[in-house]
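Asks: Listed below, chain by chain, are the residues.
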Amino acid sequence: MLTFIIRRILALIPLLFIVSVIVYGLILIVPGDPAITLAGGEEATNERIEEVQQELGLDRPFLVRYGEWVGNAVQLDFGNSLYSDIPITEEIAERFPKTLQIAGGALAFGLLVGIPLGIISGIRPRSVSDRTVVIITSAAIAIPTFWLALILILQLAVYRSILPSRGFVPFSESPSQWLEHMILPWITLGTLTAATIARQLRGALSDTMGSDHIRTSRSVGLPPVKVVGKHALKNSSAPVLTVVGLQVAYLLGGTVVVESIFGIAGLGSYVLSAISRKDFPAMQGAIMFIALLTVVVNLLVDISYALLNPKVRVE
Amino acid sequence: MDRHPHPDPNADPFVTSGNAGALDATTEIERSVEGAWAPVMHHTDEMPGHVGFWKRFRRNKVAVAAAIYLILLILAAIFASRIGLQDPDAQNISEINQRPSAAHWLGQDDLGRDVFARIIYGARVSLQAAFTAVALALVIAVPVGLFSGFVGGWIDLVLMRISDAIQVIPALVLALVISGVLGPSTTNVAIALAFVFTPGFVRLVRGQVLSVREETYVEASRSIGAKRGFIIRKRVLHNVASPLIVQAAVTAGFALLAEASLSFLGLGVQPPQASWGTMLSRAFAQVFQAGWLLWIPGSAIALTVLAFNLVGDGLRDALGAEGRN
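In the order they appear, the protein sequences are chains A and B. Under the working numbering, the letters of the first sequence match residues 1 to 315, in that order. Under the working numbering, the letters of the second sequence match residues 1001 to 1325, in that order.
Simulated from the structure, these hints should not be mistaken for laboratory data. Wrong hints could be hidden among the right ones.
To be verified - Rough simulated footprint, nothing fancy, chain A against chain B, three-plus residues with beta-carbon under 8 Å:
#1 1154-1165
#2 1181-1193
#3 1295-1305
Unchecked claim - A few chain B residues facing chain A, derived, Cβ under 10 Å:
#4 L1106
#5 V1144
#6 F1147
#7 P1170
#8 L1172
#9 L1174
#10 L1176
#11 G1253
#12 V1287
#13 F1288
#14 W1292
Said to hold, decoys possible - Now the stretches of chain A that chain B is said to cover, found in silico as 3 or more residues with beta-carbon under 8 Å:
#15 70-81
#16 98-105
#17 212-223
#18 229-236
#19 252-258
#20 280-291
By construction, the Cβ of each residue, glycine as well, lies at the ideal position given by its N, Cα and C atoms.
Same shape as in the complex, but just chain A (with noise of 0.2 Å):
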């Protein structure tokens, strides 16, 4: 089992380091010089321009430039803000946690909604209840996710003043308020996680249902929630890891919109206020660590698949 974990961390070495060159060699597409574009363009005052052209080091070849990027970027050293002037670890590691909790919040509902959509289809196929969880999740699928969120915020928050509409409240300040607050980006994001984790439970469980061992519980006199609950969902349990793995970038990458549509101050939000305001190092920072931390969880998702089935560990 040591082993397989060394092994896949070392796989993630390369990995990491063609996504470096990726997220790096964005500065090559700016369109005309980079250090008047980056500086605001056409209005860029001479100092500016010089400003910018240090502060990236410009002046300097490609490789050069990269290799000391890549140098302090293992140290988690993403240097500081062209905006701001804060070192951008310092503000990834201030927005990060309102970002965890809007995604892992997305998460819990994906899971606590899909999983009972997935068992109620999946234990029965074609009858009445699973033709129902399939029309609302395929509808859930095509809805865009930000559609969703206005939709929502029109309806509880517009017409009826059920829930606020934007901002964020810490969890220490008044924990009442930050569930308030929390209730929307996590119904909006969390909605197509519970799709696709109630599909993919439905076709893994309506498989299984049909296997020799189940069939065989089931002849012994084994109650079905026996059956179901012990035997049919721990055989189903992989693929429903699989996606939570898949979704991860998902939901990393909707919270962009969900946080600049609720105005919250999170990673997301960083990401996009950094590509409007031309802040290279920021946004390839925030661009890095998002990477880093969907290749963490990656990882995760691979050794827990290990410990369910003995079979991957030697592939």
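Start from chain A and add chain B according to the hints.
Replies: Same frame as chain A, but now just chain B:
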């Protein structure tokens, strides 16, 4: 909103084995979302599978309805200027935020512009961006995927690692960043999305190449001295075409969604040009005055994405049916 399909025929067996058995229409949708492509379709020489293609596709009424909707939408978008629509940019300050009426079927927005005309003209921009993105991704991905699968070895390894790396960055974030760096415009959105979609297509093509390469009939072609180019054209492309068409349909839906998100966030199509995303962001700014305006572009996006997915499912069933029973 990473609805980015990850079509990887070599994906972990868990993903595909889960639903390899039940191949009813409902599980199909799910595969289109997760992109786990299970059935490997082998067409032999003249693709007898295509003989009954229309017959099979027609049987799926939902897919047919979705296809008709898409065709009508595309035609309306192409001929928008000739089908008697009102000027999408004509403002009428005395009639702002008007609800639907006989003169304005979907009402008027905050500048008194006709929403119906803007939806159709918006479809033009949104569909164009989506189709360009998918076409561009295919043009890059098919040769790269074929090359990677055929050459194998370390080149294949490097190309696959690059695909992995691109897919580690959430699709929406990557598209936002590329579009933002290039400077937001309709063309640059399409370029950004094409970049994001390419790895998925590369994997799909490469996977098909790998699975076909060892088949007896390909081996036989090789043994009688067929050239590599001939094998690729005659044997491999035939097998790649079906899954690729399906994947392209589903990806077009995702591209539409992504374009709308980018434009909504201000990093895609730029106002005053109407696209479904910019219409939504404009409507959201008016949420307290005319919240109902949110429903129209949003439903247009949702319906069209759903239609692309349903057509994709229909194509999948119609193209791959002979491998099933």
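Asks: Would you mind marking each hint as holding or not holding in the structure?
Replies: Cross-check of the supplied hints:
1. 1154-1165: n = 4 at 8 Å, threshold three: holds.
2. 1181-1193: holds (count 3)
3. 1295-1305: holds (count 6)
4. L1106: Hint on L1106 (chain B): violated, closest Cβ of chain A at ~16 Å, above 10 Å.
5. V1144: violated (15 Å)
6. F1147: violated (18 Å)
7. P1170: holds (3 Å)
8. L1172: holds (4 Å)
9. L1174: holds (8 Å)
10. L1176: holds (6 Å)
11. G1253: holds (8 Å)
12. V1287: holds (6 Å)
13. F1288: holds (6 Å)
14. W1292: Holds: closest Cβ of chain A sits about 8 Å from W1292 (chain B), inside 10 Å.
15. 70-81: It is violated: at least three residues are needed, and the region 70-81 of chain A offers just 0 whose Cβ sits closer than 8 Å to chain B.
16. 98-105: This one is violated; 0 residues, fewer than the three required, reach chain B with a Cβ under 8 Å.
17. 212-223: violated (count 0)
18. 229-236: violated (count 1)
19. 252-258: holds (count 5)
20. 280-291: Per the Cβ count (4), the hint holds.
When each numbered hint is compared with the structure, violations occur for hints 4, 5, 6, 15, 16, 17 and 18.
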